[in-house]
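If you're matching them up, the sequences are chains A and B in order. Reading the first sequence from the start, the letters are residues 0 to 176 in numbering that gives the first Met the number 0. Reading the second sequence from the start, the letters are residues 0 to 576 in numbering that gives the first Met the number 0.
Read the hints as simulated data drawn from the structure, not as lab findings. Built from N, CA and C at the ideal position, the CB exists for glycine as well. It is possible that part of the hints are untrue.
To be verified - Below are the SDA-like pairs computed for lysine to any residue, each with C-alpha atoms no more than 20 Å apart in a straight line:
no., chain 1, residue 1, chain 2, residue 2
1, A, K165, B, K203
2, A, K165, B, V195
3, B, K149, A, G18
4, A, K63, B, T125
5, A, K70, B, A102
6, B, K325, A, E2
7, B, K165, A, Q67
8, B, K159, A, G46
9, A, K70, B, V327
10, A, K63, B, D298
11, A, K70, B, C192
12, A, K63, B, N305
13, A, K70, B, D297
14, A, K96, A, K63
15, A, K63, B, T193
16, B, K325, A, A25
17, B, K380, B, F561
18, A, K63, B, V140
19, B, K325, A, R30
20, B, K325, A, V152
21, B, K159, A, Q69
22, B, K191, B, D34
23, B, K165, A, Q69
24, A, K63, B, A321
25, A, K165, B, R196
26, B, K203, A, R141
27, B, K325, A, I32
Claimed, not checked - A few chain A residues that don't get close to chain B, going by computed Cβ distances all over 12 Å:
no., residue
28, E82
29, K111
30, V120
31, R140
32, R153
33, S154
34, K161
Unchecked claim - Beyond 12 Å from chain A on every Cβ pair, some chain B residues (computed):
no., residue
35, D132
36, K210
37, A211
38, S263
39, K309
40, K312
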Amino acid sequence: MNEEIKSFTISIYTENNIGLLNRISAIFQRRHINIESLTTSQSEIEGVNRFVIVVNITEAQAQKIIGQFQKQIEVIRAYYHTEEETIFQESGMFKIKSDLLFNEPQIQNIIKESNARIVTVNKEFFVLEKSGRRNEIESLRRDLNIFGIMQFVRSGRISVTKEEMKITEMLSAFNNQ
Amino acid sequence: MDTETANKTQEVLSKTERITGSEAIIKCLIAEDVDILYGYPGGAIMPVYDELYKFRNEIHHVLTRHEQGAAHAAQGFARISGRVGVAMATSGPGATNLITGIADAQIDSTPLVCITGQVPSHLLGTDAFQETDIIGISTPVTKWNHQVTKASEIPEVLAKAFYIAKSGRPGPVLIDITKDAQFGELDFKYEKCTGVRSYIPTPKTNLESVKAAAELINAAKKPMIVWGQGVILGEAEAELKAVIEKAGIPAAWTIMGASAIPTSHPLNIGMVGMHGNYAPNKLTNECDVLIAIGMRFDDRVTGSLNTYAKQAKVIHFEIDPAEVNKNVHADVAVLGNSKDSLTELLPLLNENSHEAWHQEFKDLYAIEFEKVIKDDLHPTKEGLTMGEVLKEINVQSEGNAAIVSDVGQHQMIACRYSEFNKTKSNITSGGLGTMGFALPAAIGAKMAAPEREVVAIIGDGGYQMNIQELGTIFQQKVPVKIVVLNNEFLGMVRQWQQLFFDKRYASTEMTNPDFVTIAKGYHIDGKRVTKREELADAIKEMIASKESYFLEVCVEKEDNVFPMIPSGASVSDIRLS
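Sequences and hints are given; from them, build the entire structure.
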């Protein structure tokens, strides 16, 4: 068994029920596994939610916690994937004083080169949004820090796998039972 | 329930009618064949109790003296009957008092449905009187839990609760119901739950894995079985017996698997684990194929995983996929219900006897007998041993008693020396090790199986953790037999202090009250035995009694339980003294 600690993306397809987040986070908590990021939203299947959780653990640990997730009554299916097996993104938002946008020509270059998007501009501030890998967002943050950032927020990872997930098949098999 | 009554119940339930949430709860219980429940009333569950009064001919409510007692009684009921045990409590402290029993049921896979009252939904989250977040608190120790805030949700949620509690690997479910949902009305119609789409209770047995298991077993020179409670839960006792007899495999059991095969069966080689028998522990590290059936390689069974059965190919028959490779790597994993998979395995096995291998167990048993068992069962010193008490109970009950043991030295002695003729005869707190378990669990066991002799074996420590349940025994007239093995110590902790903490007996000595007087205060007849010559007659009198009976046996104060595998050591390092 590979004991090397790696970044794994855990995907948990669940029923949309109150309290499930508690059950899922408790599984990490009991095993002292720190959650690097957590995103939950509706999945591609109507009425089915998907948790995307990034953790740094060994593959043996990943296999065992997947078993524990699948044991939960309202968990339909859980998977784990390495970074190589997924396509993933994060999103960051930056709130910056508006006068900088007009008085610091360098900022305009940074926005252009980083492919960041201006979400809104008003008299007091403007808001930038940047999607991409963590290091790209961080690099933009470093560049903008020099001028002052009023607020910064970064989302958890969202990810899709390169290979097919057979969740839809599984659900239709159940419905046809 | 006879067919006619069942039909009537079904007729009533299939009709849609406008009733309150409380009445719906009772009707759901009736639909699930619940005729007994254990609980304690209080403000937030009062509407349900009020309805219970109306249905008191259909459902017998047992008022325990503490909610923990209710949960353990429901466990005892479930463990001996294989049915779902039901416990009920009010919100706040009532609900939190159930938690120990729920945690115990979770780790020992016992089907329970616990119903708790909750403050009205508009007060949720306001720190209202007797409000606790019981869903949050019980989440880590339940198989499933759910809060009901609308009367209309009750039938579906309760149906799901019973289905989840008893299907697959069983476990406890908690349903928290707000007071307004109990008062509210609904159009009631009940349909039993037959499936939840995200839940696969019993994974399909893969025939290829059964074949692979059979091949390994047929080629083995030194095969050994360790079975657990999964055999009892899966009702696979006959199938297991057929397998071990056909293939001639020595078979050992975990504490939770005890009694699935009679103690006297020649291929039953005893208990594994920390205080298990010498031979099966020692030979775990010599067998060539280890066949685990419905057991989870608990650390009390395996000792150090680094040295556990490293030489053996491991076959794991298991209903819960999360248990496979959790602690011990399985060369072959057979998922599914033990009854089904052993049925498929049997025809693929060659007949065998493994006589030389079996002789190795006998030789090691002889050593254990000489160094441990002889002194436990036939002592020559003056003080009474726990073992001789168990031996006498075996004689007087002819090995037919259900033994409900608490937690500590007496528990290990009870499991080691009880003669179990029948399955579901060992009711104990295995995984959680809950002191205070036995007295209330014995109540539930006796009520579920009134035809059986139920003997609770309890230490002086654990007895006082739920001693108030004597009141339940008295009020309900439950003819349970209570044996307290009194060594005036928290014996197991004292043993550890002796062996590993330089005999520093920190807070383990107990000055005890007059237990017989306390029993008599609850109108339970009792006796105190201090001498060997009084023991047989006292146990005879106890077994002969048609009513509940209390027997205190004052045993040697500083006896130890051996064999013993020190915590974290290898099973091969099992000590005989």
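Each hint tested on the structure:
1. A:K165 x B:K203: 18 Å, holds
2. A:K165 x B:V195: Distance of about 19 Å is within 20 Å: holds.
3. B:K149 x A:G18: 17 Å, holds
4. A:K63 x B:T125: Not satisfied, since the Cα-Cα distance of roughly 38 Å exceeds 20 Å.
5. A:K70 x B:A102: 16 Å, holds
6. B:K325 x A:E2: 15 Å, holds
7. B:K165 x A:Q67: Holds, because 19 Å separates the two Cα atoms, which is no more than 20 Å.
8. B:K159 x A:G46: OK: K159 of chain B and G46 of chain A at ~19 Å, within 20 Å.
9. A:K70 x B:V327: Holds, at roughly 19 Å.
10. A:K63 x B:D298: 16 Å, holds
11. A:K70 x B:C192: Distance ~19 Å between K70 of chain A and C192 of chain B Cα, so the pair holds.
12. A:K63 x B:N305: This hinted pair holds, its Cα atoms lying about 18 Å apart.
13. A:K70 x B:D297: 18 Å, holds
14. A:K96 x A:K63: 48 Å, violated
15. A:K63 x B:T193: Cα-Cα ~28 Å, so violated.
16. B:K325 x A:A25: Roughly 18 Å separates the two Cα atoms, so the pair holds.
17. B:K380 x B:F561: 17 Å, holds
18. A:K63 x B:V140: 18 Å, holds
19. B:K325 x A:R30: Cα-Cα ~13 Å, so holds.
20. B:K325 x A:V152: 38 Å, violated
21. B:K159 x A:Q69: 18 Å, holds
22. B:K191 x B:D34: 17 Å, holds
23. B:K165 x A:Q69: 18 Å, holds
24. A:K63 x B:A321: Status holds; Cα separation ~7 Å.
25. A:K165 x B:R196: 15 Å, holds
26. B:K203 x A:R141: This hinted pair is violated, its Cα atoms lying about 54 Å apart.
27. B:K325 x A:I32: 16 Å, holds
28. E82: 24 Å, holds
29. K111: Given a closest Cβ separation of 47 Å, the condition holds.
30. V120: Non-interface label stands for V120 of chain A: nearest chain B Cβ at 40 Å, farther than 12 Å.
31. R140: 36 Å, holds
32. R153: 28 Å, holds
33. S154: 26 Å, holds
34. K161: With a cut-off of 12 Å, K161 of chain A remains clear of chain B, as the shortest Cβ separation is near 25 Å.
35. D132: 10 Å, violated
36. K210: K210 of chain B is indeed farther than 12 Å from all Cβ atoms of chain A, at 24 Å.
37. A211: 20 Å, holds
38. S263: 37 Å, holds
39. K309: 15 Å, holds
40. K312: 17 Å, holds
Hint violations for this structure: numbers 4, 14, 15, 20, 26, 35, all remaining hints satisfied.
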